Amino acid sequence: MPATPFTPIESLLGGALIGAAAVILMLFLGRIAGISGILGRLLPPFGEPGVGGAAAFIAGLVAAPILYTAATGLAVRQTVSGNLPLLAGAGLAVGFGAILGGGCTSGHGVCGLSRLSARSLLATLTFMATAFLTVLLVRHVLPGAD
Amino acid sequence: MRIIVSAIAGLLFGLGLIVSGMADPAKVQNFLDPFGAWDPSLAFVMLGAIAVTFAGYRIAFQRGRPLLADTLSLPSKTDIDARLLAGAGLFGIGWGLSGFCPGPAIVSLPLLATGTLVFVPAMLAGMLLARALQNRPRGSEERTEAAGS
Numbered sequence: 090m091p092a093t094p095f096t097p098i099e100s101l102l103g104g105a106l107i108g109a110a111a112v113i114l115m116l117f118l119g120r121i122a123g124i125s126g127i128l129g130r131l132l133p134p135f136g137e138p139g140v141g142g143a144a145a146f147i148a149g150l151v152a153a154p155i156l157y158t159a160a161t162g163l164a165v166r167q168t169v170s171g172n173l174p175l176l177a178g179a180g181l182a183v184g185f186g187a188i189l190g191g192g193c194t195s196g197h198g199v200c201g202l203s204r205l206s207a208r209s210l211l212a213t214l215t216f217m218a219t220a221f222l223t224v225l226l227v228r229h230v231l232p233g234a235d
Numbered sequence: 002m003r004i005i006v007s008a009i010a011g012l013l014f015g016l017g018l019i020v021s022g023m024a025d026p027a028k029v030q031n032f033l034d035p036f037g038a039w040d041p042s043l044a045f046v047m048l049g050a051i052a053v054t055f056a057g058y059r060i061a062f063q064r065g066r067p068l069l070a071d072t073l074s075l076p077s078k079t080d081i082d083a084r085l086l087a088g089a090g091l092f093g094i095g096w097g098l099s100g101f102c103p104g105p106a107i108v109s110l111p112l113l114a115t116g117t118l119v120f121v122p123a124m125l126a127g128m129l130l131a132r133a134l135q136n137r138p139r140g141s142e143e144r145t146e147a148a149g150s
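Residue numbers (our numbering), protein chains in the order written: chain E, 90 to 235; chain W, 2 to 150.
Looking at chain E on its own, in the form it has when it is part of the complex:
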């Protein structure tokens, strides 16, 4: 796993942009900026209103790296694991867990904590704990597993 540089300024700034997006959604549409909830509106049985807005939000997300690179000339740097079975299992867990738990890093972690929701605080502490534990196990206890 490559080391990544500590970027407090960029991360604070990027976080503020995420916050600005969350505030815009609440001020204009009265909605939580939870990505799993927004994605859920685009999946069957399509029971909830706001499908058009959800599709537009996801389109904005997908356009972001393209516009970022067009505007700055910088590539978006990322290292994605090549262990495809692991990623498939992780994807299943993330998707299933986000729906069962009623939110993800954005819905519980950013929006829920900002609303001082006890449910979101507990969810955030829980997924942080299992995520730290998982990385500890995979990188230090069972090295080679990733």
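In case anyone wonders, no lab produced these hints; they're calculated from the structure. From a predicted model like this one, the values you see are computed outputs, not experimental measurements. Relax, there's no trap hidden among the hints.
Just some of the chain E residues that point at chain W, by a computed CB distance under 8 Å:
hint, residue
1, 104
2, 113
3, 116
4, 121
5, 122
6, 151
7, 155
8, 176
9, 184
10, 187
11, 215
12, 227
Where a beta carbon is used, it is the ideal one built from N, C-alpha and C, also for glycine.
Based on the hints, put chain W in the right spot on chain E.
Frame of chain E, contents of chain W only:
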């Protein structure tokens, strides 16, 4: 108008993930690894995001009615149940294994890493599966929850 606002919010959210470095799963996993190549950046992302959201939400909640909608659509659940804990726990395991949560995974799609193209369909399948299991006994459960609260 609602569509345009949603698209702008999505774009800002995505740019925020990129600028903050959270579109890189390695950076997320390094945050989760204090005994290895620790990178505390994610804490600063949360700090910046929550500071702005907390302040903006105060204004939005004081106004009450959103500018382009009739009411605030806020989560109504307040109970702590096994589903919340099991779901969040499972979510964290997948997040730790991959370094991906839903937002960064979707933002990563146009970068076309093979891992992303495997992760995203699997994530959507997981969401559909959870939906299917939740929807089955829906009517009776909602009544039970209402009675219990």
